[in-house]
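Residue numbers (my numbering), protein chains in the order written: chain A, 1 to 421; chain B, 1 to 286.
Hints are not guaranteed to be accurate.
[Unchecked claim] List time: in silico EDC-like cross-link candidates among lysine to aspartate or glutamate, alpha-carbon distance up to 20 Å: (1) A:Lys-160 with A:Asp-129; (2) A:Lys-140 with A:Glu-164; (3) A:Lys-160 with A:Glu-178; (4) A:Lys-417 with B:Asp-194; (5) B:Lys-268 with B:Asp-238; (6) A:Lys-339 with A:Glu-412; (7) B:Lys-268 with A:Asp-270; (8) B:Lys-133 with B:Asp-213; (9) B:Lys-102 with B:Asp-118; (10) B:Lys-231 with A:Asp-262; (11) B:Lys-268 with B:Glu-131; (12) B:Lys-231 with A:Asp-406; (13) A:Lys-417 with B:Asp-238; (14) B:Lys-102 with B:Glu-220; (15) B:Lys-65 with B:Glu-259; (16) A:Lys-417 with B:Glu-244; (17) B:Lys-268 with B:Glu-241; (18) B:Lys-239 with A:Glu-382; (19) B:Lys-155 with B:Glu-224; (20) B:Lys-231 with A:Glu-364; (21) A:Lys-372 with B:Asp-151; (22) A:Lys-417 with B:Glu-241; (23) A:Lys-417 with B:Glu-220; (24) B:Lys-268 with A:Asp-409; (25) B:Lys-268 with A:Asp-406; (26) A:Lys-345 with A:Glu-365; (27) B:Lys-231 with B:Glu-244; (28) B:Lys-231 with A:Glu-365; (29) A:Lys-339 with A:Glu-382; (30) A:Lys-369 with A:Asp-354; (31) B:Lys-122 with B:Glu-224; (32) B:Lys-268 with A:Glu-178; (33) A:Lys-153 with A:Glu-178; (34) A:Lys-339 with A:Asp-328; (35) B:Lys-155 with B:Glu-244.
[Unchecked claim] Computed beta-carbon distance windows for the label pairs: (36) B:Lys-160 with A:Glu-382: 24 to 32 Å; (37) B:Lys-160 with A:Gly-116: 35 to 43 Å; (38) A:Lys-269 with B:Asp-213: 50 to 58 Å.
Derived by calculation from the structure, the hints in this document are not laboratory data. Backbone N, C-alpha and C fix where the C-beta goes; we use that ideal spot for every residue, glycine too.
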Amino acid sequence: MRKFIPFNKDYVGPDIEANSQHPEDLITSLAISQPRKGIRPLVSIKTAPHSNGTLYRPQINIGRAAHGDLDDRFEKEPEQGTDAHPYMNAEAMKHWGCHSRNWYGYNSRLWTPIKGDFYKKYYPEIHKDWQSTMGLDGPKIEDFVAEHGETQKAWNEWSKASLEHQTNSGRVSRNRLENGILVDPQQHFRNALFNVTSLYKDALASDGRNFPGRDTHSMLKKYFEKNPHLRSPNVEWATGHLEHLKNSIDEYASGKWNESNDKMSRYLKDQGFRDDFVEGSGLTHSNHELTRANPDIGGSTRSHLWMPNRQEPYGLHVTYHHNPLTPDPSRRHMFAVEKFLGAKKTHTFHPMEDLQTVIPQAMEEVNSKIGKSQQVHIKLLEHLGFTQFRNASTDWGFSGRRAPIDFGDNPEDFASKFLGK
Amino acid sequence: MGGGGSSIPQTYHKSGLNLSEDVNLASAHSIDLSRKYVVDENAANKALRDGINRSTFGAPFTIGKDTIPTPPFQNNDPNIETSISPANYQTYSQSLWYGPIKLHPGGQIHQLEDRVMDSNGKALHFDMLPEVKDLQYRFSLLPLARSSNNDRQFKSNKKKLSSNTSPYTYGSEILHHPSSFRVTTRSINPQIYDRSELDPHGHIHDNIRSMIDNPTHQNESLEEHINGITKSFHSLMDKFESGEYRRHPNFWNGHLFAEGNDRSQIWKSIGDRLTTQDEYFQKVNK
Numbered sequence: 001m002r003k004f005i006p007f008n009k010d011y012v013g014p015d016i017e018a019n020s021q022h023p024e025d026l027i028t029s030l031a032i033s034q035p036r037k038g039i040r041p042l043v044s045i046k047t048a049p050h051s052n053g054t055l056y057r058p059q060i061n062i063g064r065a066a067h068g069d070l071d072d073r074f075e076k077e078p079e080q081g082t083d084a085h086p087y088m089n090a091e092a093m094k095h096w097g098c099h100s101r102n103w104y105g106y107n108s109r110l111w112t113p114i115k116g117d118f119y120k121k122y123y124p125e126i127h128k129d130w131q132s133t134m135g136l137d138g139p140k141i142e143d144f145v146a147e148h149g150e151t152q153k154a155w156n157e158w159s160k161a162s163l164e165h166q167t168n169s170g171r172v173s174r175n176r177l178e179n180g181i182l183v184d185p186q187q188h189f190r191n192a193l194f195n196v197t198s199l200y201k202d203a204l205a206s207d208g209r210n211f212p213g214r215d216t217h218s219m220l221k222k223y224f225e226k227n228p229h230l231r232s233p234n235v236e237w238a239t240g241h242l243e244h245l246k247n248s249i250d251e252y253a254s255g256k257w258n259e260s261n262d263k264m265s266r267y268l269k270d271q272g273f274r275d276d277f278v279e280g281s282g283l284t285h286s287n288h289e290l291t292r293a294n295p296d297i298g299g300s301t302r303s304h305l306w307m308p309n310r311q312e313p314y315g316l317h318v319t320y321h322h323n324p325l326t327p328d329p330s331r332r333h334m335f336a337v338e339k340f341l342g343a344k345k346t347h348t349f350h351p352m353e354d355l356q357t358v359i360p361q362a363m364e365e366v367n368s369k370i371g372k373s374q375q376v377h378i379k380l381l382e383h384l385g386f387t388q389f390r391n392a393s394t395d396w397g398f399s400g401r402r403a404p405i406d407f408g409d410n411p412e413d414f415a416s417k418f419l420g421k
Numbered sequence: 001m002g003g004g005g006s007s008i009p010q011t012y013h014k015s016g017l018n019l020s021e022d023v024n025l026a027s028a029h030s031i032d033l034s035r036k037y038v039v040d041e042n043a044a045n046k047a048l049r050d051g052i053n054r055s056t057f058g059a060p061f062t063i064g065k066d067t068i069p070t071p072p073f074q075n076n077d078p079n080i081e082t083s084i085s086p087a088n089y090q091t092y093s094q095s096l097w098y099g100p101i102k103l104h105p106g107g108q109i110h111q112l113e114d115r116v117m118d119s120n121g122k123a124l125h126f127d128m129l130p131e132v133k134d135l136q137y138r139f140s141l142l143p144l145a146r147s148s149n150n151d152r153q154f155k156s157n158k159k160k161l162s163s164n165t166s167p168y169t170y171g172s173e174i175l176h177h178p179s180s181f182r183v184t185t186r187s188i189n190p191q192i193y194d195r196s197e198l199d200p201h202g203h204i205h206d207n208i209r210s211m212i213d214n215p216t217h218q219n220e221s222l223e224e225h226i227n228g229i230t231k232s233f234h235s236l237m238d239k240f241e242s243g244e245y246r247r248h249p250n251f252w253n254g255h256l257f258a259e260g261n262d263r264s265q266i267w268k269s270i271g272d273r274l275t276t277q278d279e280y281f282q283k284v285n286k
């Protein structure tokens, strides 16, 4: 039996049939419609060539660019290589006009980078030529070699110049520079990574051991060999870092971080925090995001919640964080506090040694805010296991507007009660 | 939150409702600011009778004596099928109405007498009186008034509500009274496409919508909104007491505003019904 699906989900009239479309009908109408030449149809019906046009089942093309893929930035398909493409068709170019728009209605502002991408991908030499004409290709290493010879200085100077070029050519990096933020944090990170992996190799694998991370190391090495401009040596920093890495590995192996976490859990439990947040359901809350960073060691939870009143949207959520790589020993064991104050949420990190000062203060603050907000933060609902919080008729158990309004004895009484006078 | 932008709000109202649900269309029905329909045993099965007659809150009525002479809905054409379905199908279909229900052939839906004659001698149904229309709007926005922490928020929430283009009639998330319904007729002859849909309470929803869209109302503070209730309520009662408004001789005496109910009694019933009968304050079991 055919099952009809109403056009509108709220449609409940008795004649669903007359106001509905069956999926088969949709496919049929798509299949018999003729897409424009050069466009791969979304649905087509094939016929058997030698059996009097018997229909095969409809063919649905769900691949990229079926029926014209509007998200295909490069417009590779289906027009690529056909004269439907304005950049392949002089007539079309004339017709559309430079910088006007393409078929999909991109305006010139969006069209320019698309055009750039097009040339970069299909005509790299034209793109390169254009870049050098515009002075966008950055300092050339040959110039520096000519000036300083094949020396470290040439390398350093070129490296400096190219970073500067990169900085000045982009609005984002210029802003970062003006605001005193690292212009290219990735570059610093990559430098460090390269140096650390090199030293790691030297330190741990010089005797030929198959050290962990070997594959990563050789991948990185290849990457940096191909992109020398992305690194600069910082041996000092990397040496220190390696030292930390080594110490942290030792600490991790000895389970010391876990000890610190247990200590935090015990303290928080004493303060009334709980690690099973969903009341009555028998479910134990687990904070999935955090189990990713560090492997969990049996039975120990890192996520604790305290609410002074389960009927009010106020609470503290505390999680444990282990930072084995930090060079600052006081920040190796840390805890994060999410403070829920109705509509507001704050998130702070503290070293573990501050636990017994930060927590009581935060509890006091949360306690003092009770009853002041009509709103609840989405994240608190998540902690409480309300994953379906968008469902309109969900009752989260928070007191608030569902409590009856006091209408008093007469309209005036009601007005003064309602307005809190 | 990933992907498509920052449009996902980070906070929700404590009750679990959002802005589009802060209009409570049920309140007009709960406190008799809407016209009342009733059906007798011959017109429909028990589910339909219970669904529609719920609006009387159990007060007795007699068809003929308490109803207007011509039933607003009746179907004597055997080729036309009439079905009734709840205005908010998603909320009430399973618990209260059990889906669309057909009116028996020849069945009639009656309207309880609620006409009032104003000083110009013009007869209006009770829910068309200007004071009542004002109260329909003001009561329906009480949840919004309650969830707004200050005047600024209240005003901006009303503007947001006004810019929300989703229909305030059936099918939206806005709460309806369980006894508000739609009437659908259709031709039984498949060769003839003849279909119509009536929303007997649509004018109330349109009234609330147009008042929400009115800039004067949008700029009202919380205090002005609440005092508006007092003002309209007293003005309505004053007019009844002074004789400026005259109830129809058959005015249904189960009506909250029927002859003989004094204003403090009526106000107490309003408070009572809105806090105990109104679906808004009760958990709807789907």
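Which of the stated hints cannot be reconciled with the structure, identified by number in ascending sequence?
Result: hints 1, 4, 6, 7, 9, 10, 13, 14, 16, 18, 20, 22, 28, 30, 31, 32, 33, 34, 35 break, sorted rising.
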